[in-house]
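Engineer: Counting in my numbering, the sequence shown runs from 1 upward without gaps.
It is worth saying that the hints were derived from the structure and are not from the lab. Treat the hints with caution; some may be incorrect.
To be verified - Simulated crosslink set (SDA-like; lysine to any residue; CA at most 20 Å straight-line):
hint, residue 1, residue 2
1, Lys-59, Arg-138
2, Lys-50, Leu-63
3, Lys-50, Lys-150
4, Lys-150, Glu-31
5, Lys-50, Leu-79
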Amino acid sequence: MNHKTKSIIKDVAFWSMFVLLGLIVLFILMEAFIPKQTINVFQVKTYIAKYDTMEPTIKPNDLVFINKVNASKLEEGDLITFEADINYDGDTEMVTYYVDSITEVDTDTYRVSVIAEGATVPFGVILSDRIVGGYAFRIPVLGSIIEFIKSPFGIGVIVINGLIITGIVIIVKHGQKDEDKKEVSNEG
1 MNHKTKSIIK DVAFWSMFVL LGLIVLFILM EAFIPKQTIN VFQVKTYIAK
51 YDTMEPTIKP NDLVFINKVN ASKLEEGDLI TFEADINYDG DTEMVTYYVD
101 SITEVDTDTY RVSVIAEGAT VPFGVILSDR IVGGYAFRIP VLGSIIEFIK
151 SPFGIGVIVI NGLIITGIVI IVKHGQKDED KKEVSNEG
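With the hints as extra help, turn the sequences into a complete structure.
Structural biologist: This is the structure in structure tokens:
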């Protein structure tokens with residue numbers, strides 16, 4: 001391979017990584033500030049599993065990825081994610097369960113009953129407008145790391161580590177300048 005071809009490949013790889021990192025940053029910012037729109041823009045959404053009702057498929061603290069689904073294409077046994085008031089406190093959380101049965105109410109509305117991994121769940125029947133998406137995959141334990149980073153303690157640890165690293169870099173660079181000055185004065 002000649003030098004020009006290698007240069008073009010390096011440029012394409014660099015800009016591809018740049019675009020990919022930009023999309024990842026945009027995804028993270030959307031999840032942080034306008035989470036309900038993430039699935040509309042990227043066709044993918046994430047949430048952190050909090051309950052053990054879907055073990056071994058989904059475990060607590062897994063980072064779960066869901067993709068946009070069409071309710072008319074759902075079948076029994078599909079994994080869907082929807083919002084539910086788990087604790088009956090008025091706040092909804094995302095949960096993922098198997099489709100037990102699906103019934104068309106009208107052209108845009110479906111009545112879906114769900115089951116957990118080997119057990120029934122208290123949601124009974126949900127309407128298709130509450131479905132956020134379908135289960136795509138999970139990354140084990142990453143949810144607990146994200147929760148730590150989002151916590152005040154995690155933010156403090158990151159800031160302190162950043163300050164320590166900055167201090168070390170300043171000290172090392174200052175030491176290198178002193179050594180360079182000594183070398184110049186010794187040569188002269």
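Engineer: Next step is simple, just say for each hint if it's right about the structure.
Structural biologist: Consistency of the hints with the structure:
For the proposed pair Lys-59 and Arg-138, the alpha carbon gap of about 9 Å is at most 20 Å, so the pair holds. Proximity of Lys-50 to Leu-63 is assessed by CA-CA distance (about 10 Å); at most 20 Å being required, the pair is judged to hold. Distance restraint check for Lys-50 and Lys-150: the Cα-Cα separation of roughly 16 Å lies within the 20 Å cut-off, and the hinted pair is therefore satisfied. Under the criterion of a C-alpha separation no larger than 20 Å, the hint pairing Lys-150 with Glu-31 is consistent with the structure, at around 13 Å.
Proposed proximity of Lys-50 and Leu-79 is supported: the alpha carbons are some 16 Å apart, at most 20 Å.
Comparing the model with each numbered hint stated earlier shows that all of them hold.
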